[in-house]
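2 protein chains.
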Amino acid sequence: MKSVYLEEHPWKIIESQFDPQKVKASESIFSLGNGAMGQRANFEEQYSGPSFQGSYIAGVYYPDKTRVGWWKNGYPEYFAKVLNAPNWIGIDVSINKQPLDLHLVEVNHFRRELDMKNGCYTREVQFTLADGTEGQLKSIRFLSLNEGELGAIHYTVEILKGQAEVEITPYVDGGIKNEDANWDDPFWKHLETFNTGNFSALRSSTLKSNFDVCTYMYTELVSHDLAPEVDESATKVSHRYTTVLQAGENLTLHKYGGYLQSMNHQVADLIPAAQQLAQKAAATGWEALQKTHAQAWHTIWETADIQIDGDVAAQQAIRFNIFQLNQTYSGKDARLNIGPKGFTGEKYGGSTYWDTEAYCLPFYMATKSETVARNLLQYRYNQLDKAIENAEKLGFRNWAALYPMVTMNGEECHNEWEITFEEIHRNGAIAYAIFNYTRYTADESYIPEMGLEVLIGIARFWAQRVSFSTPKNKYVMLGVTGPNEYENNVNNNWYTNYIARWCLQYAAQQAEVVAKTHAADFERIQRKTTLTKAECKQWEQIASQLYLPYDEAQQLYLQQDGFLDKELLPASELPPNERPINQHWSWDRILRSPYIKQADVLQGFYFFADDFSADELQRHYDFYEPLTVHESSLSPCVHAILAARLGNMADAYRFYLQTARLDLDDYNKEVHEGLHITSMAGTWMSIVEGFAGMQIQQGILSFRPQLPKQWKAFTFKILYKKAPLEVQLTTAGCQFIWHGKAPISILVDGEQQTLQPYTA
Amino acid sequence: MKSVYLEEHPWKIIESQFDPQKVKASESIFSLGNGAMGQRANFEEQYSGPSFQGSYIAGVYYPDKTRVGWWKNGYPEYFAKVLNAPNWIGIDVSINKQPLDLHLVEVNHFRRELDMKNGCYTREVQFTLADGTEGQLKSIRFLSLNEGELGAIHYTVEILKGQAEVEITPYVDGGIKNEDANWDDPFWKHLETFNTGNFSALRSSTLKSNFDVCTYMYTELVSHDLAPEVDESATKVSHRYTTVLQAGENLTLHKYGGYLQSMNHQVADLIPAAQQLAQKAAATGWEALQKTHAQAWHTIWETADIQIDGDVAAQQAIRFNIFQLNQTYSGKDARLNIGPKGFTGEKYGGSTYWDTEAYCLPFYMATKSETVARNLLQYRYNQLDKAIENAEKLGFRNWAALYPMVTMNGEECHNEWEITFEEIHRNGAIAYAIFNYTRYTADESYIPEMGLEVLIGIARFWAQRVSFSTPKNKYVMLGVTGPNEYENNVNNNWYTNYIARWCLQYAAQQAEVVAKTHAADFERIQRKTTLTKAECKQWEQIASQLYLPYDEAQQLYLQQDGFLDKELLPASELPPNERPINQHWSWDRILRSPYIKQADVLQGFYFFADDFSADELQRHYDFYEPLTVHESSLSPCVHAILAARLGNMADAYRFYLQTARLDLDDYNKEVHEGLHITSMAGTWMSIVEGFAGMQIQQGILSFRPQLPKQWKAFTFKILYKKAPLEVQLTTAGCQFIWHGKAPISILVDGEQQTLQPYTA
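Chains as they are written, first to last, in the numbering used here: chain A, 1 to 760; chain B, 1001 to 1760.
Chain A with its partners taken away, still in its complex shape (with noise of 0.2 Å):
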């Protein structure tokens, strides 16, 4: 059954009914973003219905006072809290003095579209009013991906029948508040109101972290020759634009706005240059700025767009994923990433979890340029001496570095112990990276610059983090979180240290590697790091031991100690009205019970894919997957990845299915609090990966290509060595365009082809 609320378009996200329930969720939808700023798309005029208003700033937050029941010692005291910014988008309208608020007018016509083509949000809306006035809106936003500040409105009231007042209001308003706040504090001070003809800004900063922000505006009246009546109130100002017109007649708006900081500029700078910004772009008119806009955003298809065909609803989602990753983070600056809700929401603080490095560094890596991949890793070097910070805190020394499960600033923003503390796993991923970027673009400068650093802080971590068992006579690793998260405080939990010993020995290895080839980086390294040869030689020790829960019987890498003494009923054979679990069942009984939230055990056969045989991938897919409930919107992708793997092409296409319309169709019933922007990249993962089977193995390019059958065709490209190859799988079989200068060797389902540089 077709959903009626969104319809289904290639290029489009379509809704063409107004209904107030849906409000909260297209609001998520439909939003905007640029990497340097975004928000929900809330309506600009007065909504007194349910709606979550929300604007944010990349890189702005607020550290908001810890809450907990029970303190933990290791807590962080303050948590860096995405912000709900000032809003620069409002425009309230009145008609023969009586608002234009859709939850109160009679709506006749209502339809909204999201034109991922072009980055551009418009809306439609016939409504009549209480005195029977009918009237028309319609509103085109944009946010610039070439200017990050700047955002752009058109803004057109008509008059259908009858004659009307028409008051219409742009205005800045400071007074925000943050719907998630610990203690219901003020986050925001405002500082300054600034006017000067048709430019208005706002300057407010935050409290604590105190971040400068220019808020501004500039409007102007196209289709009627009137200055804009200023008025100004304690942090909001408007612009008021009055006429009267008759039936046929528009008014028309043009608003620039949007947000210059503190990162960027000196703080004495930022009115001035708001203003030039702002004069620059109304100079430059609204449809060269479109126009601008559009271009960019079809520079960003050329590369990332994935074609379907026979399936629009696919084509549809594997779209909007793709453009949602590019409107959350850019990748042009090293301080930013890729927050879970991007600009859509505000839910959970902090903007960068394991996520990351798990699932959205392939895609930037492969669909942007090994700079924005770099900016990824380098955001994490970047915050090495806050990782070693929070090692110390829970007792490790000797510059052992833990990165955060969630930060903004390299400070920790979470605080559940069994996340917090044990959840350690994070570490691994983050090293991962450095290994997959490295892999990918052979670039060998990243490691002798930055990542060894990395590499050493988190190896010395696992070094102090096992302990040693004396029956098993084995290093362990007890009390920690894998991440399946519906179990807690386990000992050896595979995945983690799986990927521990991993750490240890890349570490060990790259140390070698880096004193060959890059001996000042080395000694630079070394005298940072004291680093010593024993002290490699012991990592590579510990993970020679490490244990690895294993079971004879069944050949099967265990989840963690003790897994088997569960009992292992199929999540299949849950009653339907018990599921999500998460929702029905009390923690201790999803504790209790073998039921896996993600990926765990196959999280490790997924990034170590080479150290595993087809036999043990099937075995263990065929063991954990029924016992997996997929609770987590990071679940699906690695099994549609690891089910193509195996062939399974209905198991993948079910899983594809998941997560590329998890919020499109509102699998799990929350979008109304914003994307699942990180998981997005799990279902560009799930075609490029998982049909396409790109993998680097043995550092050689490769496919396994499969068509699943509800498709005709498919074509991607991915940047590899810093030129385009495009990938063409038809029913008929799969070519492989190369745009690079040279040729370069593949593998196609474990056959060496060459591919030479295409010409036309």
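The reader is advised that the hints may include incorrect statements.
Stated by the list, open to error - Computed Cβ-Cβ distance ranges for the label pairs, DEER-style:
(1) A:S572 - B:W1070: 27 to 35 Å
(2) B:F1110 - A:D184: 41 to 49 Å
(3) A:N473 - B:K1472: 17 to 25 Å
(4) B:E1077 - A:D185: 21 to 29 Å
(5) A:V4 - B:Q1538: 49 to 57 Å
These are calculated hints, taken from the structure and not from any lab test. Small disclaimer: the values here were computed from a predicted structure and weren't measured. Note that CB positions come from ideal geometry on N, CA and C, so glycine has one too.
Fit chain B to the supplied structure of chain A, relying on the hints for placement.
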């Protein structure tokens, strides 16, 4: 080194210097209570230095909205919180218009005493005011044991030098806020103020829980013939008396006050009943009231006292423990229980922990009466419905009962999943207390009347809580927290499995007994619970197959699965500056460590002494005690008892000291928050069950008396089969003086003795 803060004295706690740094600690130590109400030893007059003002009414609570960092299904939304009550003790004094505030005046002499023999608190202060006036105040306060709703203060201000206008203003104040409040909400609503003559009263009600409380006072100047000038403000009413005193003259006030509350009175009667009570008190007169009150204490001491010869510090300490236990709980009201801080502080919500059954019951049972002990059991019986609801919340069915970890009214008051959902052994202690009571008192009526229903609910919980492990071919218990809270979410905690097994067997066995001996009761219970023989059989079957972790090599029961994988360094090797570890280590480090907060396996050896040989006890004591950090106040007593059983009197005495003077010597640097009431019962147990070795063995009262070498003798009494048995242990041997009517048989060091009734 002796502390100079509190002087040693066999019957008194004495502080003879004024140290503002100690005010909060002394407020705890000198607290008064009479089972129905109590308060910290706050000064009557204004005090602007650091102080923790606290008055409490037994049974009156506020359901505070839960505060957690991350919500888990199954958490309660509200907690019953111990409630700071209106103040009835306040007496402001001003001399020549300057407030008498010990923080602001010069204190020349200061002494306070808690007279435990007579249940009376006195304070004497000499001071010099800024204007040179010298004076002294003397206050005597007690809370009547005979009238739970009555307290009395004798308050004198004398001028020593100069002449002064003295104003003395006793008041009652309902404008009280809790220090411990999750959201800073007000807990009280003021309803009414009533004044007539020397009597004033406030009526307030608690928000949400709607307890109506009348806080009253009756004031009377005994030195002068003056009527009070009554001042009323929003939530406060005061009586002002003003006069001029010459040097050597004094102003003396009697103040009677306290609380009447809606658990015990009709709301409309509260104020009239208070007035009647106050007038009766005033008519009786201060001295007569105090005499009757002291008499009531003498009666308590007659049975409860332990005399120690040759160690004043120990004598003072044991009396302090016994005194506070009697102040906290009188046993008259089955709706009340023994809060961990009694009336001395408000840390920890709720009033009832497993401490009651595991530690407190033996004390009250042996020093008060069967009725008191039975009231403690009945408290849980009355809350059985709530325990069933609580289990249902966690997914249990069919009348399974999980008693809350912390409670006031039967509902859970704690929100840490690892405690609330997993520290389920508390259910075992509640069943054990029924057994313990029945064994000691030989009362065969409690189980058929009430106890069996509780046992059934508890057995059903265990039967559902276990799961079957195929590899072990046994029932296992996954995901629990044992008594040692430094381990969370472990599998097969030995103590929990052991007591669960015992509960299943005991419930099945008692069902059989009741069926035979109390057919009518059994039929009623069957109707109510649908219990069948098959179900009892199933309990026995689960019990017989319940897994107990054991290490063959060392012949050791293991605290939990995998315990030997830890690095088992004895606690004595920990750096002293890292102790207590819960103040210095992160939570994950504590969890990974082998360190034991309080007796865990050994708690089982204490409860089920008959099940283990002396060798087994020695082996387990030698293994577990060195890993125990005793960071719970409930830890040393169990170890004292076990050490004594092993004949290790050096250890026994060392542990005894840790528990006996815990608060007086403030070992944990937290006495300012309140006293450790429930662990005080452990002190009593250390002497009676430890040094005197009292046990019921195979139904026979038995002793293994040992005198610590630091003492010359000790003597105590227990009520056994409703009559006092006096035990006198000297270096010469042990004497038993039996005040029952018929001879009894006891075991002394394993030898049977017959005690003849004592005749003078």
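So, going through the hints one by one against the coordinates:
1. Between S572 of chain A and W1070 of chain B the C-beta distance comes to about 29 Å, which sits within the given range of 27 to 35 Å.
2. At about 44 Å, the beta-carbon gap between F1110 of chain B and D184 of chain A stays in the expected band of 41 to 49 Å.
3. Roughly 23 Å separates the CB atoms of N473 of chain A and K1472 of chain B, a value that falls within the hinted 17 to 25 Å.
4. E1077 of chain B and D185 of chain A have their C-beta atoms about 23 Å apart, which keeps the hinted 21 to 29 Å range intact.
5. A C-beta distance of roughly 53 Å is found between V4 of chain A and Q1538 of chain B, which places it inside the suggested range of 49 to 57 Å.
The structure fails none of the hints (numbered hints given earlier).
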